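In order, the protein sequences belong to chains Z and S. Numbering of the first sequence is given in the working numbering, commencing with residue 23 and proceeding in unit increments. Numbering of the second sequence is given in the working numbering, commencing with residue -12 and proceeding in unit increments.
A hint or two may mislead.
[To be verified] As a list, the in silico SDA-like pairs of lysine to any residue whose alpha-carbon atoms are at most 20 Å apart:
no.	chain 1	residue 1	chain 2	residue 2
1	Z	K370	S	D93
2	S	K120	Z	K370
3	Z	K355	S	K46
4	Z	K355	S	G86
5	S	K(-6)	S	V61
6	Z	K252	Z	G138
7	S	K72	Z	G138
8	Z	K335	Z	K278
9	Z	K278	Z	P389
10	S	K72	Z	K356
11	S	K(-2)	S	Q70
12	S	K103	Z	K370
13	S	K72	Z	G291
14	S	K30	S	I(-7)
15	Z	K370	S	Q70
16	Z	K190	S	P84
17	Z	K370	S	N91
18	Z	K356	S	S85
19	S	K46	S	S85
[What the hints assert, rightly or not] Take a look, some chain S residues computed to stay more than 12 Å from chain Z by CB distance:
no.	residue
20	I(-7)
21	A24
22	E55
23	S100
It is worth saying that the hints were derived from the structure and are not from the lab. Only a predicted model underlies this, so the values are computations on that prediction, with no experimental measurement involved. The C-beta atom is built at its ideal place from N, Cα and C for all residues, glycine as well.
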Amino acid sequence: MAKSIDEINEKIKKGKAVVFTAEQAVAMAKERGIAECAEKIDAVTTATFGAMCSSGAVLNFGHSDPPIRMSEITLNGVEAYGGLAAVDTYIGATQPGRDTGIEYGGAHVIEDLIAGKEIELEARSLGTDCYVRKEIKTKIRLSDLNQAYLFNPRNAYQNYSAATNTTKTTKRTYMGTLLPCMGNVTYTTSGEMSPLLKDPKLRTIGIGTRILLCGGEGFVVFEGTQAVNKAETLENGDKYYAGYTLAVIGDMKGMKSEYIRAATFDGYGVSLFVGIGIPIPVIDEDMMADIAVPNERLYTYVYDYGYSERSRKALARVSYAQLRSGEVEIDGKKIRTAPLSSVYKARKIADELKNKILNGEFLMTNPAAPLPPREKLEVLNTERNK
Amino acid sequence: MKQTSIKIGLKFPPEKANKPVVTELVGFGLSFNILRAYISPGKTGHLVLELTGGEENVKKGIAFLEREGITVTVFSESVLHYQEKCVHCGACTSVCPSGALVMNPDTWELEFSMEKCVLCGYCIRACPARAIKNFEDDVL
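With the rest of the complex left out, here is chain S (with noise of 0.2 Å):
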């Protein structure tokens, strides 16, 4: 089967934020990388996993997690970057401790890798366009 890697943004309802749902992943073959976590008993839990394993069981895993009532986002550059908005400043590239915005030297036009980002969201305040999406309010 074909290996994938995506990064995904949970969001669990109050009433599951105790339950272990996400351990059960590793049972479809999965295995995964938690990038961010927010969980108070009580409250809207968020996490930001990056999952790695064959593509139909990534597929199966999320398929499970969404049936768990939880909320899944699947990150990719087009999701986080909002091209009809950006004008290319560079301002976010400052910010970036992982490479994945950088501009491209001959056409200084901003690149953004979802492989290379860790969602740590620091870009999305340093943007001045508002270009990028603001995932920890929408998604966390």
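Just chain Z, same shape as in the assembly (with noise of 0.2 Å):
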């Protein structure tokens, strides 16, 4: 029986909603089947917690007097973009500090601010007739700002790929310490709880979805950038799902310094542990179907990232079952493996969302227009200058 994400959010109001989180809602499928499952679930939590480079900050800091029009701006000696309004700027995770390099960047700066804590703002201009200021040196907290709010373009990857390693020397990379040799295998998606590998065909999370962003509420406002869809019908029928991905935004005063990290990639850089989740309407059998999925079904391709060719083969394709079991056979080598997103903290979020939609705070979303079906990755050409 097909459920309206209408009659969902009434169910909700009432306090009569069941609610599950992904986790939940795979183990009662296994028991109980898809079609009791999709009468009885009117929504699943889904949820992440992983390092997203591409995010950061949008800041007004509100104007001086005599004002400025910042130009050149640092926020704790990290550089923030000054080619926006006066008193805008936009600070990118992965920007590493002037004197500080990646041990502290713009993700701590936007860690720190979320925390609390007390941020130098230092920013210089050229002076304008309206803007006569040229310089301003001054502290600013989260509170102080008119408006800061994460906007980060391309975050919640629907499954990413694991990464080994075959060359004979450590590689230090964004999938972390990669050991010589095949010496370890690292990935990075939260599995059967990613959420959009729950919502693989994009049915229900559309633009304009609400979803808990960092502790805070958030919304998905487009396409993430390089969003593409993978699907693939493996030898056994299982369906094999990647590429999209999901540009967010929300607002930094709610948020909470628990669901965001700022990382740093040894020999790599900056980047910024997101904590997402995304509640997904139980619409009809369909989507119980997809939601059921276990880790056992879902599966990634691992790549040797010794390489740095994008043309790199896979080496294997494996489960998420397997890359959770701690080992994963490849060319009849076992290797150990790591994950380097946090499933403790994804099953917090995934919780947590889970109560605020029993406790009715929190609805579900009719996007506003769906997210738009990517079938190619667009490449750099490098030969129109010759």
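Quick one: dock chain against chain with the hints and give me the complex.
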């Protein structure tokens, strides 16, 4: 029996909705079957807590007296973009600090702002008739800012590749430290909790979908950069989905420190652990069937990060159950695995979102527009200059 | 006497670096295993030891080292792992050679065992949240 999002919201408002986390829904579907689950469950909460480089914050400082049109801006010594209006800026998570390098960068500024810490703002300007001030040095806090919102162009990767390294030297990558001779495999998707793996056809997640972003209210605002719909039917009939991403936005003033954390990947750079929770309304049996797919039937490919060529080949296909077991086999060799995204935090987010829905504080959204399908990923042409 | 085995970091002031101090621990009924050592004449010396013996003897041995002007750090789970900073991502487990850092397969929380730790320090730089004490800078 199909249910509309409005009908589900009515049940939530009356306190009668049945809400499960994705893991709970997977377990119940194994026991009771898809049809019964589709009937009983109204909403399922998915979540992920992983490093998402394409993240950053839009900030508005308010005007000083006399005012300044900020062009060169630093926050705690980390450069922020000076090409917006007078006192607007965007600070990117991966920006290294001028003196602190990757040990303190844009992500750390964002984390400190959310934690309520004081941040040193320095800005310069050439000065104009209407903005006479040429420099400013002061301290700001999140609560002082007019607007402060995360606007992350690419988050919540549907299904990311796992990584290993076949070369004889250690590689320090955004997939962590990869030991030589396939000494380890790292992976970063939250498997059966991953939002876009639970709604792989983008039937309910769309532009305008309300989400939990770093513990506060957020929204899906667009397709994420580099979004592409990769779908493959495997020999055993299971589906492999990957490639779609989300652009998300959320007010930093409502965020919680425990769901956001700056990250330094040794030898690589700065990144930001972002916690995202997305509810999926169980609109029909097909939706439930996608939600019910367990780690045993969700797959990713292991790539050799020892080489940086884009054309690098996949070494193996593995399931998330295998990855989670702590060991996978590639070419007859048993290799230990390690996660890079926190299952522990993702569970906390899924639980928190579930409780918000049960308490009637969080409703499902009818998207303003669907997320567009993307068949192909363009590559950067380097031949045109010749 | 109850037997114990602990891991300690020793920092020798330059003037003590050439003096045979550690060997005196044998006199306290202790055995030691050198895990790491950085010693150069005229410079601050660093040593990581696993110290085994009776509990009281271990205490006496450490007191002796301190009397000799050596800074002693007793390593423990809480000294090396900043719980409040850890996000339980698991990045450290990928480089840990001794199985001291593992994910609990049920809760997916990071579990750290001092007993298994060999103080190699690989996890320090592998941790994106910098939740492992940089004992190489602070102690070594």
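These are the hints, each one checked on the structure:
Pair hint K370 of chain Z plus D93 of chain S holds up; C-alpha atoms about 14 Å apart against a cutoff of 20 Å. Of the pairs offered as hints, the one joining K120 of chain S and K370 of chain Z is violated, with about 26 Å between alpha carbons and a cut-off of 20 Å exceeded. With a CA separation close to 46 Å, the supplied pair K355 of chain Z and K46 of chain S exceeds the 20 Å bound. This hinted pair checks out: K355 of chain Z and G86 of chain S have alpha carbons roughly 19 Å apart, not beyond 20 Å.
Between K(-6) of chain S and V61 of chain S the CA atoms are separated by roughly 6 Å; this keeps the pair inside 20 Å, and the hint holds. Between K252 of chain Z and G138 of chain Z the alpha-carbon distance is near 40 Å, which puts this suggested pair outside the 20 Å criterion. Distance restraint check for K72 of chain S and G138 of chain Z: the Cα-Cα separation of roughly 16 Å lies within the 20 Å cut-off, and the hinted pair is therefore satisfied. Restraint check for K335 of chain Z and K278 of chain Z: not satisfied, since their Cα atoms lie roughly 40 Å apart, outside the 20 Å limit.
Between K278 of chain Z and P389 of chain Z, the direct Cα distance comes to roughly 26 Å. Violation of the 20 Å bound is thereby established for this hinted pair. The straight-line distance between the Cα atoms of K72 of chain S and K356 of chain Z is roughly 32 Å, outside the 20 Å bound, and the hint therefore fails. The straight-line distance between the Cα atoms of K(-2) of chain S and Q70 of chain S is roughly 26 Å, outside the 20 Å bound, and the hint therefore fails. The hinted pair formed by K103 of chain S and K370 of chain Z fails the criterion: a straight-line CA distance of about 29 Å is larger than 20 Å.
Distance hint between K72 of chain S and G291 of chain Z is fulfilled; the C-alpha atoms sit about 19 Å from each other, no more than 20 Å. A hinted pair counts as satisfied when its Cα atoms are at most 20 Å apart, and K30 of chain S with I(-7) of chain S does not qualify at roughly 26 Å. This hinted pair checks out: K370 of chain Z and Q70 of chain S have alpha carbons roughly 16 Å apart, not beyond 20 Å. Proposed proximity of K190 of chain Z and P84 of chain S is supported: the alpha carbons are some 17 Å apart, at most 20 Å.
Simply put, K370 of chain Z and N91 of chain S have alpha-carbon atoms about 16 Å apart, close enough for the 20 Å limit, and the pair holds. A distance of roughly 17 Å separates the Cα atoms of K356 of chain Z and S85 of chain S; the hinted pair therefore holds under the 20 Å criterion. Among the hinted pairs, K46 of chain S with S85 of chain S is inconsistent with the structure: their alpha-carbon atoms are about 27 Å apart, more than 20 Å. With a least beta-carbon separation of about 28 Å from chain Z, I(-7) of chain S lies farther than 12 Å from that chain, consistent with its non-interface assignment.
Every CB of chain Z lies more than 12 Å from the CB of A24 of chain S, the least distance being 23 Å, so the non-interface label holds. Look at E55 of chain S: its CB is around 35 Å from the nearest CB on chain Z, clear of 12 Å, so calling it non-interface holds up. S100 of chain S, annotated as away from the interface, keeps every beta carbon of chain Z farther than 12 Å; the closest lies near 16 Å.
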